[in-house]
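Number of protein chains: 2
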Amino acid sequence: METAQRVYKGLEGVYVLESSLCLIDTEHGKLYYLGYDVEELAEKSSYEEVSYLLLHGRLPKRPELEEFVGKLRSEMRLTPEEMRDVQYAAKRTGPMDALAAFYLFASKDPPQTKDPMEHAIRAVAKAGSVLGNVVRVQRGEEPMEPQPELGIAGNLVYLVTSKKPEQYQTEFLDDILILHAEHGVPASTFGAVVTASTLSDIYSSIVTGLMTLKGPLHGGAAEAAYYQFVEIGDPNRVESWLERALAEKRRVMGFGHRVYKIYDPRARYVKAMAARAAELAGGRVKTLYEIAVRLEQAAIERLSARGLYPNVDFWTPIVYTAIGIPPGYFTAVFAVSRVVGWVAHVVEYWKDNRLIRPLHLYTGPESGQRYVPIEERG
Amino acid sequence: METAQRVYKGLEGVYVLESSLCLIDTEHGKLYYLGYDVEELAEKSSYEEVSYLLLHGRLPKRPELEEFVGKLRSEMRLTPEEMRDVQYAAKRTGPMDALAAFYLFASKDPPQTKDPMEHAIRAVAKAGSVLGNVVRVQRGEEPMEPQPELGIAGNLVYLVTSKKPEQYQTEFLDDILILHAEHGVPASTFGAVVTASTLSDIYSSIVTGLMTLKGPLHGGAAEAAYYQFVEIGDPNRVESWLERALAEKRRVMGFGHRVYKIYDPRARYVKAMAARAAELAGGRVKTLYEIAVRLEQAAIERLSARGLYPNVDFWTPIVYTAIGIPPGYFTAVFAVSRVVGWVAHVVEYWKDNRLIRPLHLYTGPESGQRYVPIEERG
Numbered sequence: 020m021e022t023a024q025r026v027y028k029g030l031e032g033v034y035v036l037e038s039s040l041c042l043i044d045t046e047h048g049k050l051y052y053l054g055y056d057v058e059e060l061a062e063k064s065s066y067e068e069v070s071y072l073l074l075h076g077r078l079p080k081r082p083e084l085e086e087f088v089g090k091l092r093s094e095m096r097l098t099p100e101e102m103r104d105v106q107y108a109a110k111r112t113g114p115m116d117a118l119a120a121f122y123l124f125a126s127k128d129p130p131q132t133k134d135p136m137e138h139a140i141r142a143v144a145k146a147g148s149v150l151g152n153v154v155r156v157q158r159g160e161e162p163m164e165p166q167p168e169l170g171i172a173g174n175l176v177y178l179v180t181s182k183k184p185e186q187y188q189t190e191f192l193d194d195i196l197i198l199h200a201e202h203g204v205p206a207s208t209f210g211a212v213v214t215a216s217t218l219s220d221i222y223s224s225i226v227t228g229l230m231t232l233k234g235p236l237h238g239g240a241a242e243a244a245y246y247q248f249v250e251i252g253d254p255n256r257v258e259s260w261l262e263r264a265l266a267e268k269r270r271v272m273g274f275g276h277r278v279y280k281i282y283d284p285r286a287r288y289v290k291a292m293a294a295r296a297a298e299l300a301g302g303r304v305k306t307l308y309e310i311a312v313r314l315e316q317a318a319i320e321r322l323s324a325r326g327l328y329p330n331v332d333f334w335t336p337i338v339y340t341a342i343g344i345p346p347g348y349f350t351a352v353f354a355v356s357r358v359v360g361w362v363a364h365v366v367e368y369w370k371d372n373r374l375i376r377p378l379h380l381y382t383g384p385e386s387g388q389r390y391v392p393i394e395e396r397g
Numbered sequence: 020m021e022t023a024q025r026v027y028k029g030l031e032g033v034y035v036l037e038s039s040l041c042l043i044d045t046e047h048g049k050l051y052y053l054g055y056d057v058e059e060l061a062e063k064s065s066y067e068e069v070s071y072l073l074l075h076g077r078l079p080k081r082p083e084l085e086e087f088v089g090k091l092r093s094e095m096r097l098t099p100e101e102m103r104d105v106q107y108a109a110k111r112t113g114p115m116d117a118l119a120a121f122y123l124f125a126s127k128d129p130p131q132t133k134d135p136m137e138h139a140i141r142a143v144a145k146a147g148s149v150l151g152n153v154v155r156v157q158r159g160e161e162p163m164e165p166q167p168e169l170g171i172a173g174n175l176v177y178l179v180t181s182k183k184p185e186q187y188q189t190e191f192l193d194d195i196l197i198l199h200a201e202h203g204v205p206a207s208t209f210g211a212v213v214t215a216s217t218l219s220d221i222y223s224s225i226v227t228g229l230m231t232l233k234g235p236l237h238g239g240a241a242e243a244a245y246y247q248f249v250e251i252g253d254p255n256r257v258e259s260w261l262e263r264a265l266a267e268k269r270r271v272m273g274f275g276h277r278v279y280k281i282y283d284p285r286a287r288y289v290k291a292m293a294a295r296a297a298e299l300a301g302g303r304v305k306t307l308y309e310i311a312v313r314l315e316q317a318a319i320e321r322l323s324a325r326g327l328y329p330n331v332d333f334w335t336p337i338v339y340t341a342i343g344i345p346p347g348y349f350t351a352v353f354a355v356s357r358v359v360g361w362v363a364h365v366v367e368y369w370k371d372n373r374l375i376r377p378l379h380l381y382t383g384p385e386s387g388q389r390y391v392p393i394e395e396r397g
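One line per chain: the protein sequences are A and B, in this order.
Counting in the numbering used here, the first sequence runs from 20 upward without gaps.
Counting in the numbering used here, the second sequence runs from 20 upward without gaps.
Hints are not guaranteed to be accurate.
Same chains, same label: a pair holds when it works inside one copy or across any pair of copies.
To be verified - Here are the simulated DMTMM-like pairs of lysine to aspartate or glutamate, each with C-alpha atoms no more than 20 Å apart in a straight line:
1. 110 x 309
2. 280 x 85
3. 110 x 315
4. 80 x 44
5. 280 x 168
6. 110 x 100
7. 110 x 395
8. 63 x 395
9. 182 x 46
10. 28 x 44
Think of the hints as simulated: they come from the structure by calculation, not from any bench.
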């Protein structure tokens, strides 16, 4: 009946959709959004403009960007009801689940306009305002009104630190958000598309993305890398720590990537940011950076033959720490940036929607088993 | 670099995993769980026993079933905190989102035991108690304590109707729950597995399942069929309604299935239940049944050549109405029954986990676009 019975477990190497959003050039270690080098975008553009690029497929002219940013800013505010949702969820569960709860509740509110783009923009705008207040509530602080005029990155730093952010903090976070905005169809994005393919709504797709990014094989690597640096504790202990770790067959966190077999371009960019962050912030950030640099060198000597290089999650913890993001929230910041990638894929997929309905290869007992009454089961 | 560039859109015909849970025999119109004919299970077994079968791969002996049912019953109760979650979510959003919110919050609570089976059983047990109270709260009624000794089906009828259920109501719902418990890898189950493949938790996988089942191309068919019967209103108007509907190229709701090309075995079983329900409940249920019977006959004459037959969603609305489930909650009852299918797939997949990470075929602009400063964009 069906053609081949080969099982594509993990869907490795299987093309599941067409997309114009990003090109991952694994051979040259480059990443492009709509043809633009992501490193150039991080340097010259803003997260808001990159969001426009991903949602509309091209860079905006000035009036278009102004209109788009205006919409984002008005949606960055939280209504009293939304603020109650954030507080309820933040007290009840972890940051990823609290973000998801917000989007669950948000899906009820808006007039269900036919235009998914309005919902997409709303979803992108809210993410940082929600996460910033989740951090606050979970630290026992009062929630704060978002400051949309600080931009998406600046507003998140402001909410997390309770201070008007330093220029460099906003710039660092803006770059990080740009670099994490889109990356093809990893599990979380593919899950979001699976949800969308039933014509479920944008918010539900985001919830699926969050539930999937939560998994330690996907979104947790930056936090694991951070705790690894903390465990090492001192740059002079790197080599002895690595010896023991490799002897115990422990993984070096933040090394290797399913897609990149050479240096992850995002990692290269964030490494340079981490160097600047270490200088600007000094103290603990500097120590973390020195540990990371020495660990990278020592580990590359041993692991690069196996195609293992530092990925972006190896370097982001240092930058996050300089910005003031606590380690329990690294994955959630990743999620905030990736919201735009998820919704851009959904909007793109809906232009030629096809319900995702694969098959399974049956490996169970022969059909026609006799239902033996419970008394007679031996 | 990669092998073939064929895009498997919708993953139609693609085998994504191995599973021993169910065999869908599309040629003969049969469905088996672990080799047992689902119609025989509906007739002779209980939803609790079928849950054991799906989770453990075989039918239980009596002491095993008693222990399993004991666990389910103790988990069917809702703690005061869980009851608060249900009330908060039910007031804030729709039934599918409220169920999802409950599982989001539930993922925080239990001691994170290493054994996913404990979480699976907890998740299966809670679903009906939560949904029953969501219905109550959304109708403006007070929540009620679940009655575990009524069983999963009886407890749900009790919570929805505020009355000790009639024997036939419990039996009907129990059969419906069995028939909907598992069906391979439709979008919702596949989504749940995508989430699980990152080693995210059981509850997160259920949330993904709910977000995906919500979509009108997946879970909404029974409600659409119900409103179609209501629109027709009278058995004598069926033929004229159908003439007009086909002329206007409207779909007949509850007809056709991506997998079955002949009569859906679950539809056959539920049709017989609907006949009994019409006799037992009379009144409006009888009218709905008579409309459905006449619509089936008239529509088969015109549509069977195109491989379109009534699916299970064509008949369930009649049975749901006899049980006392309001139409806005049909999809959520489907979800309650499918929780066990989702978690059984997750537990099975984790035995040989592989991160799901497909590829996309890039169709966007050539890489190396120049980032033109905004002032210079024409």
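Taking the hints in turn, this is what the structure says about them:
1. 110 x 309: neither (36 Å within a copy, 51 Å between copies)
2. 280 x 85: neither (39 Å within a copy, 53 Å between copies)
3. 110 x 315: neither (38 Å within a copy, 51 Å between copies)
4. 80 x 44: Intra 28 Å, inter 56 Å, cutoff 20 Å: neither.
5. 280 x 168: Answer is neither; intra-copy 40 Å and inter-copy 57 Å both fail.
6. 110 x 100: Classified as both; 16 Å inside a copy, 12 Å across copies.
7. 110 x 395: neither (51 Å within a copy, 48 Å between copies)
8. 63 x 395: For residue 63 and residue 395, only the inter-copy Cα distance (14 Å) is at most 20 Å; the intra-copy one is 74 Å.
9. 182 x 46: Neither, since 43 Å and 66 Å both go past 20 Å.
10. 28 x 44: For residue 28 and residue 44, the Cα distance exceeds 20 Å both inside one copy (24 Å) and across copies (22 Å).
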